[in-house]
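**Q** Now for the letters of each chain:
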Amino acid sequence: GAVVSQHPSWVICKSGTSVKIECRSLDFQATTMFWYRQFPKQSLMLMATSNEGSKATYEQGVEKDKFLINHASLTLSTLTVTSAHPEDSSFYICSARDPGRGGSYGYTFGSGTRLTVV
Amino acid sequence: QKEVEQDPGPLSVPEGAIVSLNCTYSNSAFQYFMWYRQYSRKGPELLMYTYSSGNKEDGRFTAQVDKSSKYISLFIRDSQPSDSATYLCAMSAGSGYSTLTFGKGTMLLVSP
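Listed in order, the protein sequences are those of chains A and B. Going by the working numbering, the residue at position 48 of the first sequence is 48; the numbering climbs one at a time, nothing skipped. Going by the working numbering, the residue at position 20 of the second sequence is 20; the numbering climbs one at a time, nothing skipped.
The set of hints was computed from the structure by calculation and includes no laboratory data. Virtual Cβ for every residue (Gly too), placed ideally from N, Cα, C. Where hints are given, some of them may not hold.
[What the hints assert, rightly or not] Far from chain A by the CB rule (all over 12 Å, computed), these chain B residues:
no., residue
1, 4
2, 6
3, 17
4, 19
5, 26
6, 38
7, 45
8, 62
9, 82
10, 86
11, 109
[To be verified] DSS-like cross-link-like pairs, simulated, lysine-lysine; straight-line CA separation at most 27 Å:
no., chain 1, residue 1, chain 2, residue 2
12, B, 42, A, 20
13, A, 66, A, 41
14, A, 64, B, 2
15, A, 20, A, 41
16, A, 20, A, 64
17, A, 41, B, 42
18, B, 56, B, 42
19, B, 2, B, 42
20, A, 20, A, 55
21, B, 2, A, 41
22, A, 14, A, 66
23, A, 64, B, 56
24, B, 2, A, 14
25, A, 55, A, 41
26, A, 41, A, 14
27, A, 64, B, 70
28, B, 56, A, 66
Whenever a hint applies, use it, and build me the whole structure from the sequences.
**A** In structure tokens form, the structure reads like this:
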């Protein structure tokens, strides 16, 4: 099946710095990718939908100036957490539509990035 | 009331037990139902999926959907220690790029 590669798997950064997370679709093109955030013992919350060649669509309550999303190619989307603060510490997961699977079942997830801001 | 309710557990069972995991939901528009398995510090992987009401079986796993009760279940037979993970239910109202709504996940621990 389709594979989504996400890097880094974990990162520790100082408060006030920026962190970039990469999400790549391997062996398939993803015109749309999704970014989720997951706090401990909480469900995955959709942050934004990343569209290749256009602006991302952010969910209500997600600061677009803080969470910059760039989807410059059909296989790569990046999420940059700008001026990170401890409350941004979370597990970030990307997802892409698997072209081999139809309907709402066809989402493949990356392995996630554990961000810790100190 | 949250859209999707799921008991976070943990649910501890001995190896070989039958496991029942459940979710309830409030949005009657949901038609697509999925179960994902998530190992610690990893992304979710699709385990089972069903459309509308009914049952679906795949090996040791059975997914059930009862739309009249807004209740979905995942059964695991002959549970193995390798099944220890968090199981998330997810659902959506439409096909294509419809947004998935996830439950919080139930942590399952299968002891040898």
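**Q** Could you let me know if the closest chain A CB is still more than 12 Å away from the CB of residue 38 of chain B?
**A** violated (9 Å)
**Q** Any Cβ of chain A at or closer than 12 Å to residue 4 of chain B, or is the non-interface label fine?
**A** About 7 Å separates residue 4 of chain B from the closest Cβ of chain A, which leaves it inside 12 Å; violated.
**Q** Please verify whether residue 20 of chain A and residue 41 of chain A have alpha carbons no more than 27 Å apart.
**A** holds (24 Å)
**Q** Hey, is residue 86 of chain B genuinely clear of chain A, shortest beta carbon separation above 12 Å?
**A** Violated: least Cβ distance 9 Å, not greater than 12 Å.
**Q** Verify the proposed pairing of residue 14 of chain A with residue 66 of chain A, using a straight-line Cα cut of 27 Å.
**A** holds (16 Å)
**Q** If you draw a straight line from the CA of residue 20 of chain A to the CA of residue 55 of chain A, is it 27 Å or shorter?
**A** Given that 27 Å is the threshold and the Cα spacing comes to 17 Å, the pair holds.
**Q** Would the hint linking residue 64 of chain A and residue 56 of chain B be met if the CA-CA limit is 27 Å?
**A** violated (40 Å)
**Q** Assess, step by step, whether the Cα of residue 2 of chain B is no farther than 27 Å from the Cα of residue 41 of chain A, and give holds or violated.
**A** holds (15 Å)
**Q** Verify this label for me: residue 62 of chain B is non-interface relative to chain A, using a Cβ-Cβ cutoff of 12 Å.
**A** Per Cβ check, residue 62 of chain B is outside 12 Å of chain A; nearest 17 Å; holds.
**Q** Would the non-interface assignment of residue 109 of chain B survive a Cβ cutoff of 12 Å against chain A?
**A** holds (14 Å)
**Q** When you check the alpha-carbon spacing of residue 64 of chain A and residue 70 of chain B, does it fall within 27 Å?
**A** Violated, at about 34 Å.
**Q** Would the non-interface assignment of residue 82 of chain B survive a Cβ cutoff of 12 Å against chain A?
**A** Nearest chain A Cβ is 18 Å from residue 82 of chain B, so the label holds.
Violated hints, in rising order: 1, 2, 6, 7, 10, 23, 24, 25, 27 and 28; the structure is consistent with all others.
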